[in-house]
Amino acid sequence: MSSSLAEFPPLIKKDSVWRRIFRSRECYLLLVPTFLLLGIFNYYPAVSAIYHSFFSWNGANVQVFNGFQNFIDLFTDQDFLVSIVNVCKITVISILISISFPILAALLIYRLKADQAGYFYKVVYVIPMVVPTIVIFLIWKFIYSPMDGLLNTMLAAAGLKVFIHTWLGEYNTALYSILFINFPWVSGFQTLIFLAGLQNISISVIEAAILDGTGPVARFLKIELPLISAQIKLVVILAIINSVQGFVNILIMTNGGPGKSTMVPGLYLYRNAMQYGKMGYACAIGTFLFVVILTLTYLNLKYMKSNNDSMGA
Amino acid sequence: MNRAIRHDLPIHFLLIILGIVTFYPFVFTFLTSFKSSYQISHNFWGLPWPFQPSNYRDAWKGISPYLLNSLIVTGGSVIGVLFVASLAAFVFARFTFPGREFLFLAIISLMMMPSILLLVPQFLLIKHLRLLNTRWALILPYIAGGQVFGIFVLRSFMASIPGELFDAGAMDGLSTFQSYRHIAVPMSVPILSTIAIMNILGTWNDYVWPLVTISKNQLWTISVGVMSFSMSTSSFETRGVMFAGYVIASLPLIILFFFTMKSFVKGISSGALKV
Numbered sequence: 015m016s017s018s019l020a021e022f023p024p025l026i027k028k029d030s031v032w033r034r035i036f037r038s039r040e041c042y043l044l045l046v047p048t049f050l051l052l053g054i055f056n057y058y059p060a061v062s063a064i065y066h067s068f069f070s071w072n073g074a075n076v077q078v079f080n081g082f083q084n085f086i087d088l089f090t091d092q093d094f095l096v097s098i099v100n101v102c103k104i105t106v107i108s109i110l111i112s113i114s115f116p117i118l119a120a121l122l123i124y125r126l127k128a129d130q131a132g133y134f135y136k137v138v139y140v141i142p143m144v145v146p147t148i149v150i151f152l153i154w155k156f157i158y159s160p161m162d163g164l165l166n167t168m169l170a171a172a173g174l175k176v177f178i179h180t181w182l183g184e185y186n187t188a189l190y191s192i193l194f195i196n197f198p199w200v201s202g203f204q205t206l207i208f209l210a211g212l213q214n215i216s217i218s219v220i221e222a223a224i225l226d227g228t229g230p231v232a233r234f235l236k237i238e239l240p241l242i243s244a245q246i247k248l249v250v251i252l253a254i255i256n257s258v259q260g261f262v263n264i265l266i267m268t269n270g271g272p273g274k275s276t277m278v279p280g281l282y283l284y285r286n287a288m289q290y291g292k293m294g295y296a297c298a299i300g301t302f303l304f305v306v307i308l309t310l311t312y313l314n315l316k317y318m319k320s321n322n323d324s325m326g327a
Numbered sequence: 006m007n008r009a010i011r012h013d014l015p016i017h018f019l020l021i022i023l024g025i026v027t028f029y030p031f032v033f034t035f036l037t038s039f040k041s042s043y044q045i046s047h048n049f050w051g052l053p054w055p056f057q058p059s060n061y062r063d064a065w066k067g068i069s070p071y072l073l074n075s076l077i078v079t080g081g082s083v084i085g086v087l088f089v090a091s092l093a094a095f096v097f098a099r100f101t102f103p104g105r106e107f108l109f110l111a112i113i114s115l116m117m118m119p120s121i122l123l124l125v126p127q128f129l130l131i132k133h134l135r136l137l138n139t140r141w142a143l144i145l146p147y148i149a150g151g152q153v154f155g156i157f158v159l160r161s162f163m164a165s166i167p168g169e170l171f172d173a174g175a176m177d178g179l180s181t182f183q184s185y186r187h188i189a190v191p192m193s194v195p196i197l198s199t200i201a202i203m204n205i206l207g208t209w210n211d212y213v214w215p216l217v218t219i220s221k222n223q224l225w226t227i228s229v230g231v232m233s234f235s236m237s238t239s240s241f242e243t244r245g246v247m248f249a250g251y252v253i254a255s256l257p258l259i260i261l262f263f264f265t266m267k268s269f270v271k272g273i274s275s276g277a278l279k280v
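So the protein lines, in turn, are chains A and D.
By the numbering used here, the letter at position 178 of the first sequence is numbered 192, and the numbering carries on one by one without gaps.
By the numbering used here, the letter at position 225 of the second sequence is numbered 230, and the numbering carries on one by one without gaps.
Same shape as in the complex, but just chain D (with noise of 0.2 Å):
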């Protein structure tokens, strides 16, 4: 046993003993969901045999409706927050104009503000736009939110774009929104990897708004969706069945993270930021 191993071998062991008992819940879970109540009475801790498909059969049809309201408000949301902020970001980084500094403040400083701050006023404010049970009641408040931390880190990253490459498309009679359509989005795709992956969390993993803002459970997304469907299987023959809901429901974003692992961690050490 060379050296590196012999000494990597008892934090291994540790590394391995926290990742077992973070991971053990959600093991339960997968286990349970492919059991029938029986099974989960009489074999609670083993694996799952035979395997009852119908679980995830009856799971679908009660979570697949959230999922795809999620998928549409999430969507839009992050569509809203790419174009938004890449925009904002893009004149703050490349243009000087009076005001440049104190509007740029404006923006920043609403990280310090505190989302229950603004809760109730926000409530009144889609009740009176009657917006309350649309998805814009969504939609809206989260481009809002979701550009400002965007803006942030995108107008650093746009500062540091060569300026010859924005000189080089003036010369070529690029308009001031091709130069950021053509030059500055392109260059920054990474970081607004990074941006879409940070408010895709924020968004899916929302509970409080959409809970005030939508009654129509048609409209729900995941996070309220999945509450009401797991008290309404909630009893013991229908355990399996709220555990595959369980899964189902995180389905869409570990396959995101399987496709896009680096954006990922990154989107999640720099989403900390975000208040």
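Pulled out of the complex, with its shape left as it was, chain A reads as follows (with noise of 0.2 Å):
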């Protein structure tokens, strides 16, 4: 029925749901494009992972349904135990890169006075995210190249020779060396989002404190902190989600090497699915990292204090 529609009294009081369902016919022909790609390439998809999680399955002829030995394997395989603990040290890193400086850089950026600069560097931290994903990844690489990359011939021009590294060969440094890609993490969508926060904060509020003698830091830790808390939420799941599937850094930069140091358990899930055809083992990887992500932000959103509950940007 169109709204437009409902404004005038119904002729008819009451009527059936299989009436209202053949008058709104249309409606649900606009929407069979949705739900035909949907249905094929998500919830057909989604639905498979789970149920495969349960079959020792080659993706073709061989499959079995094997109950929870999948998972009972997950968790006496030291490979993949040994991608948990990285994981592990990965999210907590990334949560800590993308409210640091991030924050400081939206911070710094909302105290200009001057709104043009302000702008001004709004736009010019956006630019490199429009480089590719990939180009960044290659041109940390030849930062990290050991003969002749950009950090070592650095560190080598100072006179820090002792510093020098294989970075990304070593056990010791391949891990935090694919971490600290991008530094100083300013440029994303992360600043942006804090900064947003900081402007919806009412000026009142700002100008109360500067009138009861607050200084900057204090403004910072007793107000601004506060109030961009549902921000710092959003950022924070937003970190959890990347960090406990993604695998692309690891897959450019090391490959989960030296040995398995940089191993995570979504490059687990594509060597076990691409490499040595283990399907069903696979989706048990991608049906426990969808409830790791599921359980972890349900407890932020439940747990982490925030001032208001909006999640928006």
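Check each hint, because a few of them may be wrong.
Claimed, not checked - Listed next, the stretches of chain D that the computed footprint assigns to chain A, with coverage defined by at least 3 CB atoms under 8 Å from CB atoms of chain A:
1. 57-65
2. 91-98
3. 115-122
4. 188-198
What the hints assert, rightly or not - Derived DMTMM-like pairs: lysine to aspartate or glutamate, alpha-carbon spacing no greater than 25 Å straight-line:
5. A:Lys-274 to A:Asp-129
6. A:Lys-127 to D:Asp-13
7. D:Lys-267 to A:Asp-129
8. A:Lys-155 to D:Glu-242
9. A:Lys-155 to D:Asp-63
Calculated directly from the structure, the hints in this document are not laboratory data.
All C-beta atoms, glycine included, are put in the ideal place defined by N, C-alpha and C.
Since each chain sits alone in its own frame, please combine them into the complex, following the hints.
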């Protein structure tokens, strides 16, 4: 029923559901493309992934139900356990990265008295984000390259030869080098989100604080930081989701090496599926990650304090 | 010096330092892309002189086919997303019908579905549909997934368009599809362009999906293509060509950025919500 028609008194008081469905047939017709695509490419694969995580499955002729065996195997699989430890480190560090420097950058821009200058920095900081992700990884791969890379050449030129490393090839440095990519991490959506949050704070609150003689640091800790807690919550959730399932950075920089020192669950899933043909096992990893993401998001929404519940950026 | 400038000065100083550290790798890439291998080894830090335009000629040969593929795939999926998403959002925003909220929820709940869960079954599905090594393997799933967030944003936007406009349209005898085409879509252009940019960034940067579905290098998109290009030019003699390739691979989005700065900034901030 069209909303414009709804304003006229209905001729028949009670319509059966079937009648209403029949009269809205045009609406359903216009939704067909959406649900056709979602049914084939999203709903079916999602159900299939969870369903097949209980099977030994090679994606073709071999498909044997084995209950929770895949999950039991996962937690006795040394490679997977290593990847869990790594992904925990990655998640914690990513959360710190995505709230520390971006908040600093957003705050600096926000504190500028000249508005045009603020807009200028905002736009300039966005520019690196248009460089394709893969190109950024490849540039950093060169930065870390052991013989003639930017970082080691720089260290040698500064007389700091002791600090030279095979950054991506050593057990102790590989994972942290990957996380260091894009330092100082200010060119990202996080800065934009925090800036939008700060700019939403009403002027009167800030003016009152200044009249009370609140210094710049106290103003940040007592007023601005609590008032962007909704944005912090959002950024933390996104950092968790991206760290738990992400693996493109690892795939390109180290492919999990050296040894298994940078292996993550996402990459392990990818290998099991694409190289070992263990589709059921890969689905079990996917299902596990799905549950982890859902749980962490739920806990975050429930227990992380925020001033309002709007998730708006 | 007036007070505002004096107040801002230390802030500018910090922001500029952050900017320099952020930009240095890109500036280095740009400068090195004009150097010969001799210049790279003897003049690692300095400006390139004389220029080596041949780097760009060689890199263009390697990179341009992938750029074209990415343009086709990205263009096709973005047009698809805009069409399908706006149509669905229009229905959800302007009409009441049985099951409306349930169907909407069924769409929105997909935003919580991590892409890693879908990877294996989607790959096998594409394989069974015999779409591996075709552009459809990329375009169709991109449209399916890309529309979800589009519908979410567009529905509330379209619901805020004054109902009188649609009533007037109905009086003039516009059909449902016509009022979508002539009222809802033109009124939503700003938000449509934000959604477009968000999806362009997503498809342009996607790496894993084209990697698993396309093995024919003639069909590779820029992400997969530039990766293989970098391996084939990584020897020291072709280092300059490699960097020129990186610059060329980045150009289309940089150009798009300079023409659509406002929607771009918006697209990036709202794109964050899409998982």
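Hints versus structure:
By the rule of at least three residues with a Cβ nearer than 8 Å to a Cβ of chain A, the coverage given for the region 57-65 of chain D is violated, with 0 such residues. Residues of the region 91-98 of chain D with a Cβ under 8 Å from some Cβ of chain A number 4, which satisfies the need for three, so the listed coverage holds. Interface restraint, the region 115-122 of chain D with chain A: holds (7 residues with C-beta to C-beta distance below 8 Å; minimum three). Residue count for the region 188-198 of chain D with a Cβ under 8 Å from a Cβ of chain A: 0. That is fewer than the three needed, and the coverage hint is violated.
Between Lys-274 (chain A) and Asp-129 (chain A), the direct Cα distance comes to roughly 49 Å. Violation of the 25 Å bound is thereby established for this hinted pair. Our distance criterion of 25 Å between C-alpha atoms is met by Lys-127 (chain A) and Asp-13 (chain D), whose separation comes to about 6 Å. The hinted pair formed by Lys-267 (chain D) and Asp-129 (chain A) meets the criterion: a straight-line CA distance of about 16 Å does not exceed 25 Å. Distance hint between Lys-155 (chain A) and Glu-242 (chain D) is fulfilled; the C-alpha atoms sit about 18 Å from each other, no more than 25 Å.
Taken as a hint, the Lys-155 (chain A) and Asp-63 (chain D) pair is honoured in the structure, with Cα atoms around 22 Å apart against an allowance of 25 Å.
Of the numbered hints stated above, those contradicted by the structure are hints 1, 4, 5, listed in ascending order.
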